[in-house]
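Colleague: Here are the chains, one letter per residue:
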Amino acid sequence: MAEFQNIIIIDSPVYDNHDTGGGTHPETPERVRAIRERLNSGPLASFLKWVEPRPAARKWLMAVHDESYLFRFEEAVLAGQTWLGHQDNQICFDSFDSAVMAAGAGLAGVDLLEKGAEKLVFCPVRPPGHHAERAMALGFCFLNNIAIAADYWQRVYDRQRIFILDFDAHHGNGIQAAFETSAAIFYASIHEHPTYSFPGSGYAEERGLDGGRGATLNIPLPPGAGDDMVLEAVKEKIGPALENFRPEALIIAAGFDAHEQDDMSGLDYSTILYSRLGGWIRKWAGQFCGGRVLSILEGGYNPQALALSVESYLAGLAYDKM
Amino acid sequence: MYIKKYMTVDPCVAGPETTIARASELLVENNCRHLPIVDKETRLLGMVTDRDLRSACPSILTAVQALTPEQLVVADQPVSRIMSRDIVTLSPLSTLDDALLLLDRKKVGALPVLSDSGRLEGIFSTRDLLQAYRQLFGLGERGSALISVRDDGRPRPLSRLVRALEEHDIHFSRISRRRDEQGGTAVESGGGAVIYVRVNTFNLHAVRQALESAGFTLENQGL
Chain A
4 MAEFQNIIII DSPVYDNHDT GGGTHPETPE RVRAIRERLN SGPLASFLKW
54 VEPRPAARKW LMAVHDESYL FRFEEAVLAG QTWLGHQDNQ ICFDSFDSAV
104 MAAGAGLAGV DLLEKGAEKL VFCPVRPPGH HAERAMALGF CFLNNIAIAA
154 DYWQRVYDRQ RIFILDFDAH HGNGIQAAFE TSAAIFYASI HEHPTYSFPG
204 SGYAEERGLD GGRGATLNIP LPPGAGDDMV LEAVKEKIGP ALENFRPEAL
254 IIAAGFDAHE QDDMSGLDYS TILYSRLGGW IRKWAGQFCG GRVLSILEGG
304 YNPQALALSV ESYLAGLAYD KM
Chain B
94 MYIKKYMTVD PCVAGPETTI ARASELLVEN NCRHLPIVDK ETRLLGMVTD
144 RDLRSACPSI LTAVQALTPE QLVVADQPVS RIMSRDIVTL SPLSTLDDAL
194 LLLDRKKVGA LPVLSDSGRL EGIFSTRDLL QAYRQLFGLG ERGSALISVR
244 DDGRPRPLSR LVRALEEHDI HFSRISRRRD EQGGTAVESG GGAVIYVRVN
294 TFNLHAVRQA LESAGFTLEN QGL
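Protein chains in written order, with the working numbering: chain A, 4 to 325; chain B, 94 to 316.
Just so you know, the hints here were simulated from the structure itself, not pulled from any lab data. Even for Gly, the Cβ is constructed at its ideal location relative to N, Cα and C. Careful, some of the hints might be misleading.
Pairs of lysine to any residue, SDA-like flavour, derived with a Cα cap of 25 Å [as the list claims (entries may be wrong)]: (1) B:K200 / B:V181; (2) B:K199 / B:T135; (3) A:K52 / A:E117; (4) B:K98 / B:R235; (5) A:K238 / B:S148; (6) B:K200 / B:D169; (7) A:K240 / B:R220; (8) B:K199 / B:I175; (9) A:K240 / B:K199.
Covered stretches of chain B, as calculated for chain A (at least 3 residues, CB under 8 Å) [claimed, not checked]: (10) 123-133; (11) 232-238.
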């Protein structure tokens, strides 16, 4: 019998306070507002349980970022600076608090997955995180929400083998950099080819370093690539990597900017593709991780396409007939 | 664009009396494939490559202990007997283009770099050339993307494009224009030049708007 699982949504009004200055900046509060509105009014509404996160404690941030960088970020917002490191990374007085709360969502999600009955957690946070490096903001990202959650999951709950799948249109250079020497945290990413796309990393050649060699898998797709190429990559490369790695925990860097209506990448995914991805992820989670999946929002800059893509993804994740 | 910035200075060298056996060891120890042979004043006398050495030493399957008396004689010969003497060289003022053309024409893997007085200053390999062009093209430069724009055939495309990007405060580090294969610029016939720009921003949305304001369109570089 078909069954629809409940999903925990970890959300906070603090995410709306991160003001990127208007103009042509695409990382706006409209993104998370559109997700909220769609999830509350759409067919999934009755299966969703909304939970507030807590701010991430400094010790968890410092596992992934230098303390001097955290101070620099905090001081920049307090001093009224309008960007950090590069003009892409627009900030306002509240941006540090928003970023710490975004990182906190992942930690709250891990706690709920380990202690509660629910198996599926989605965190529609902003600012996003996967481009942020140890001491550098990049590509609208300040704190690496996924890397912070992975480290926390490993250290607090002793889940030694963690698999991170990133299906954002852009390579998650920050996640890769955080774990590229680790054999215990596998990073797999499907993204637009770095020759044509920001941030310019994520070549298939990058397979991890030193002891982590082989625990990084980059699958660059040519501009214009659509559903077929993604599904082939999932079947032929991601699936076998998971089978081989046999993770104890699964984290998804859920970016939706490869959607055909999103002009931040040259990729051409349909809305329904995200259901298919959700279905694969549910299957892998059931096979390896007791069904538990933590998904954290990354990109997705056309608010309407983003909201529908998130809904599609969650439906695929929660419904075993999708 | 001078090779001096990219060449290997103080490369591994040997004298003409060095034995073939020792020269082979030197290449392995220094992880290189080209060995300049110099006199005591570091004036270039010749070059020995790993291929020259392999030709002189017949088989890697022969263990050292099992060398025949004839092979021992070969291993003990000076490299001056097998080195190439007719060497094409570069100077520190040679450009990357000079090096590319020479490496391509001579079909060699590396060229010695000599001062005006004929002393060895360095060695420049195809690998150095790759590294140099990698830097020039910004390959792997964190936080950038290569976009392509169709030249619309109207006058002064590059200056219009640069002005549009600068007016919208979009950072970029490289720009190049490639004519189509027929050398034409006729957009109507599906030809036209392509302009490549390395933009140093994630905000592709803003890049697209800036280009459109100047009458350009961002190309999808798909297959």
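Colleague: Each hint should be assessed against the structure and marked as holding or not.
Modeller: Hint by hint, here is what the structure shows:
no.	hint	verdict
1	B:K200 / B:V181	11 Å, holds
2	B:K199 / B:T135	24 Å, holds
3	A:K52 / A:E117	17 Å, holds
4	B:K98 / B:R235	22 Å, holds
5	A:K238 / B:S148	48 Å, violated
6	B:K200 / B:D169	29 Å, violated
7	A:K240 / B:R220	31 Å, violated
8	B:K199 / B:I175	19 Å, holds
9	A:K240 / B:K199	42 Å, violated
10	123-133	violated (count 0)
11	232-238	holds (count 7)
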